[in-house]
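Engineer: Sequence:
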Amino acid sequence: MSERPNELIHDWNLADSQPVTIAGLQIEDHTLEDGLRTASAHAPALAEREGVLEAMASLGTTAICLREDLWDSAPRIRELGMRPAAWVAPADARRATEHGLEPRVVVPVSAPALRERGQSLDDALRAAEASERSTLVAEDATRAHPASLRRLVEAGVRAGAERVCLHDSCGHATPEGAARIVRFALAVMRDTGAEPRVDWYGRNDRDLAVINALSALEAGAGRIHGSVLGVGERAGGASLDLVLVNLRLLGWIEWDLTGLQSLCDRVAHACGLEVPVNYPVFGKDAFRTATGVHAAAIIKAQGKGHEWLADRVYSGVPASWFGRCQVIEVGPMSGESNVVAWLAAHDVENLPGLSQRILQRAKAGDHILTLDEIEEEIRLARQPVDA
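Numbering-wise, our numbering comes out as the position in the sequence shown, counting from 1, plus 732.
Wrong hints could be hidden among the right ones.
To be verified - For lysine to aspartate or glutamate, the following EDC-like pairs were computed, each having C-alpha atoms within a straight-line distance of at most 16 Å:
#, residue 1, residue 2
1, K1016, E1006
2, K1095, E1105
3, K1095, E1068
4, K1095, E1109
5, K1032, E1068
6, K1016, D997
No lab work stands behind these hints: they were computed from the structure.
Take the sequences, apply the hints, and build the full model.
Structural biologist: Below is the structure:
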């Protein structure tokens, strides 16, 4: 079988669609900034932080945004070929620059955000002057009136802002809304004569952060902000790992993402968090099956040497692209093929009656057999029969 037998799978996601070209895609990671605002997270130790940064660099991350108490990591980030950044209030932009970080100057633009701070739009326009040679972050942009957003973008460009970041700080946007506001901001920048450079950073309050990021990129955004596993305050932000997974599946990037699993594991451990077992691609159960018919199909494909098909027959995501593999377990819904596959994967000889013995135990239970339970049956099967 060909390595890419396209005749087997018709991809309705890409059929008749215009190819999307993302030139110079930039990824800005906020795991060590907004990610540490998660109420359940703790700040990683220095050694753990170092491991996370190295993994991020190997995957093509462009910039790392740091919480202020971690600004001392800026030199190491530069050594790893990434740019250290800081989201700051206008008054702190110069201080961030002096510490060797690229400032992202946060200025509220929506009526709710301005009112909460006791500010007016004129205050926001004056604050935008601090975005010289930096990125102007339009906070709560997705709930701002177009006239207000236009004036803020124009003020930032006049002040010398190099980029404008649209911050969906309340997770308000839908995919259509994200695309519309990105196109709007790009048009405003073009109208001013500036090079149109727009970022997108969306929250996940409506569970739309990943699809919104993809929509923003398709509309012309050039830099996406988010965090590993989507960690962040409240419901978090865009899961950069899943954004990258989808970009790879859509054919918009060709990056090697086999290290993503390691990065997710590192971040979870460093921040004291648990990855949900059903988390797409990187959760414990993402590629595990104990269902007999599913396991049989995977085993049959593997037995014929069709690894490409085995990785896709019951999965819309090829596990091997992202440092994972298909895992066959043994449980109440399993068949004997599950047991045979499990024994082969663990280099255990299938002694006479062993697979039936293990399957019988699985059928009598209410859960997938643990390693200890299967090893117990193996030991019992190996014991000599009394004369």
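Engineer: Work down the list of hints and note, for each, if the structure agrees.
Structural biologist: Results of checking the hints against the structure:
1. For the suggested pair K1016 and E1006, the alpha carbons sit about 10 Å apart, so the restraint of at most 16 Å is met.
2. For the proposed pair K1095 and E1105, the alpha carbon gap of about 13 Å is at most 16 Å, so the pair holds.
3. A hinted pair counts as satisfied when its Cα atoms are at most 16 Å apart, and K1095 with E1068 qualifies at roughly 11 Å.
4. A hinted pair counts as satisfied when its Cα atoms are at most 16 Å apart, and K1095 with E1109 qualifies at roughly 14 Å.
5. For the hint linking K1032 to E1068, the alpha-carbon distance of about 13 Å falls within 16 Å, and the restraint holds.
6. Distance hint between K1016 and D997 is fulfilled; the C-alpha atoms sit about 11 Å from each other, no more than 16 Å.
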